[in-house]
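Asks: Letter by letter, the chains look like this.
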Amino acid sequence: DGGITQSPKYLFRKEGQNVTLSCEQNLNHDAMYWYRQDPGQGLRLIYYSQIVNDFQKGDIAEGYSVSREKKESFPLTVTSAQKNPTAFYLCASTGGQGISNQPQHFGDGTRLSIL
Amino acid sequence: SQKIEQNSEALNIQEGKTATLTCNYTNYSPAYLQWYRQDPGRGPVFLLLIRENEKEKRKERLKVTFDTTLKQSLFHITASQPADSATYLCALDPSGGSYIPTFGRGTSLIVHP
Chain A
1 DGGITQSPKY LFRKEGQNVT LSCEQNLNHD AMYWYRQDPG QGLRLIYYSQ
51 IVNDFQKGDI AEGYSVSREK KESFPLTVTS AQKNPTAFYL CASTGGQGIS
101 NQPQHFGDGT RLSIL
Chain B
116 SQKIEQNSEA LNIQEGKTAT LTCNYTNYSP AYLQWYRQDP GRGPVFLLLI
166 RENEKEKRKE RLKVTFDTTL KQSLFHITAS QPADSATYLC ALDPSGGSYI
216 PTFGRGTSLI VHP
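Protein sequences appear in the order of chains A and B.
One point on numbering: in the working numbering, the residue at position 47 of the first sequence is 47, and numbering is uninterrupted.
Position in the second sequence (from 1) plus 115 gives the number in the working numbering.
Just chain B, same shape as in the assembly (with noise of 0.2 Å):
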């Protein structure tokens, strides 16, 4: 069966370290990946995309990599803040060239003071 994996457990880390969220998927062949933040009580926004023909993409202190032969796909926060602290969502393409993204359950980030 089809499965996107987020790390259930929530992730805590100092401040100023890096943050590193995984997103694994089984049986998809994904065109693309996205990754979105969610605070309590609001909806997701859109951080990073990356497409499958990219290794790497960044966006001031994010980084996200994708690997389809390990079928993962890493996010990383650097020089965290607790401002950092939120739900991360991974989001890819159930099919390749389908529009609706199938969502992961995220993973919580604590970023400690």
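Pulled out of the complex, with its shape left as it was, chain A reads as follows (with noise of 0.2 Å):
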């Protein structure tokens, strides 16, 4: 079945530490995308990409940064500098470049916590 896995489901940071969230999609979809979900809150965009080697800030990209070298592949790596990291990252995929209207497909998320 075509999806989003997103590895680890449970992450904890230590101070100083970067960490890398995993978001891998055989759909074949050519846009990707970073959330952060925090309880009552909405998704807040962290980072998307259109295309393999290319990518573009969000609302709050601030502390984070990404990758993308594969079609498949959407590493997400929290940096030290993100002083408030505890959220749920979720990742997202959709088909034609991001094409106006088309549904995102999402992953099961990975929950950080601060040690």
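Some clues are possibly wrong.
Chain B side only, calculated, beta carbon under 8 Å to chain A, not exhaustive [claimed, not checked]: (1) Gln149; (2) Ala198; (3) Gly219.
Facing chain B, from chain A, some residues (calculated, C-beta under 8 Å) [claimed, not checked]: (4) Gly42; (5) Leu43; (6) Tyr48; (7) Val52; (8) Asn101; (9) Pro103; (10) Gly107; (11) Asp108; (12) Gly109.
The calculated lysine-lysine pairs, modelled on DSBU-like cross-linking and capped at a C-alpha distance of 35 Å, are [unchecked claim]: (13) B:Lys118 / A:Lys71; (14) A:Lys70 / A:Lys9; (15) B:Lys170 / A:Lys9; (16) B:Lys172 / A:Lys71; (17) A:Lys57 / A:Lys9; (18) B:Lys178 / A:Lys9; (19) A:Lys71 / A:Lys14; (20) A:Lys14 / A:Lys57.
FYI, nobody ran anything at the bench for these hints, they're computed from the structure.
All C-beta atoms in this analysis are idealised placements derived from N, C-alpha and C, irrespective of residue type, glycine included.
Reassemble the complex: the two chains are provided individually, in unrelated frames, and hints are given to aid placement.
Replies: Okay, here's the thing in structure tokens:
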């Protein structure tokens, strides 16, 4: 079955540590996205990529970094510069380089906590 | 400022009744609006999309309306079941033609047996 796989499901970060969240899709989608979800808040866009080797900052990119070396993969690194990283992180993809009105397909998220 | 408003209070209804969830928006002119379902600890799942020139869309027990004058979408689940209990998110394109939807906070629906 096609879909998006995020790993790990739970992740703990120590002070000063960078951690990387994995997102892999086998939907052959061009566009991929990272969102952050906090309790009682809507999804906030961190980074997105319409095509391999290209990505753009979203609304809350500070303290995060991404890469898009392969169409299937869009890893997110939460750096030590992100002072409040505790949240539920969601990866999504859409077909057609993100043509308007395409539904987003989501993974099942990674919950990141501070040790 | 631009806002998408969904009722932050949970909606509690009895099994078999129709659930109606509301999504209001201000200072947007969306070309489309989407509805998603999210279960605890899972990612959202797409349910329905409705375009600005469509008044109503149906899919099985689901119905969505879109009133661009009122700047409101209503999401209905008829003959609701406990399995329909989840959080429902609306999302719209923040400016006509943008491909990245902006999401509301979602409304929790609890269907009691």
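Asks: For the pair supplied as a hint, lysine 172 of chain B and lysine 71 of chain A, is the alpha-carbon distance within the 35 Å limit?
Replies: holds (33 Å)
Asks: Given the hinted pair lysine 14 of chain A and lysine 57 of chain A, is their alpha-carbon gap at most 35 Å?
Replies: holds (25 Å)
Asks: Take the shortest C-beta to C-beta distance between leucine 43 of chain A and chain B; is it under 8 Å?
Replies: holds (4 Å)
Asks: Take the shortest C-beta to C-beta distance between valine 52 of chain A and chain B; is it under 8 Å?
Replies: For valine 52 of chain A, the interface hint is violated, since the closest Cβ of chain B sits about 17 Å away, which is over 8 Å.
Asks: For the pair we were handed, lysine 118 of chain B and lysine 71 of chain A, check the Cα-Cα distance against 35 Å.
Replies: Between lysine 118 of chain B and lysine 71 of chain A the Cα gap is close to 33 Å, so the pair holds against 35 Å.
Asks: Would you check whether glutamine 149 of chain B satisfies its interface hint, that is, whether its CB is within less than 8 Å of any CB in chain A?
Replies: holds (6 Å)
Asks: Under 8 Å, Cβ to Cβ, is where asparagine 101 of chain A needs to be relative to chain B, so tell me if that hint holds or is violated.
Replies: Because about 4 Å separates asparagine 101 of chain A from the closest Cβ in chain B, which is inside the 8 Å limit, the hint holds.
Asks: The hint names aspartate 108 of chain A as touching chain B; please verify it with the least Cβ-Cβ distance against 8 Å.
Replies: holds (5 Å)
Asks: Does the nearest C-beta of chain B fall within a distance shorter than 8 Å of the C-beta of glycine 109 of chain A?
Replies: holds (5 Å)
Asks: Please verify that hint: glycine 107 of chain A, Cβ, nearest Cβ of chain B, below 8 Å or not.
Replies: Since the shortest Cβ distance to chain B is 5 Å, the answer is holds.
Asks: Holds or violated: are the alpha carbons of lysine 57 of chain A and lysine 9 of chain A at most 35 Å from each other?
Replies: Holds - the C-alpha atoms of lysine 9 of chain A and lysine 57 of chain A are around 24 Å apart, at most 35 Å.
Asks: Hint glycine 42 of chain A vs chain B: min CB-CB distance below 8 Å?
Replies: holds (4 Å)
In terms of the numbered hints stated before, the structure departs from hints 2, 7, 15, listed from lowest to highest.
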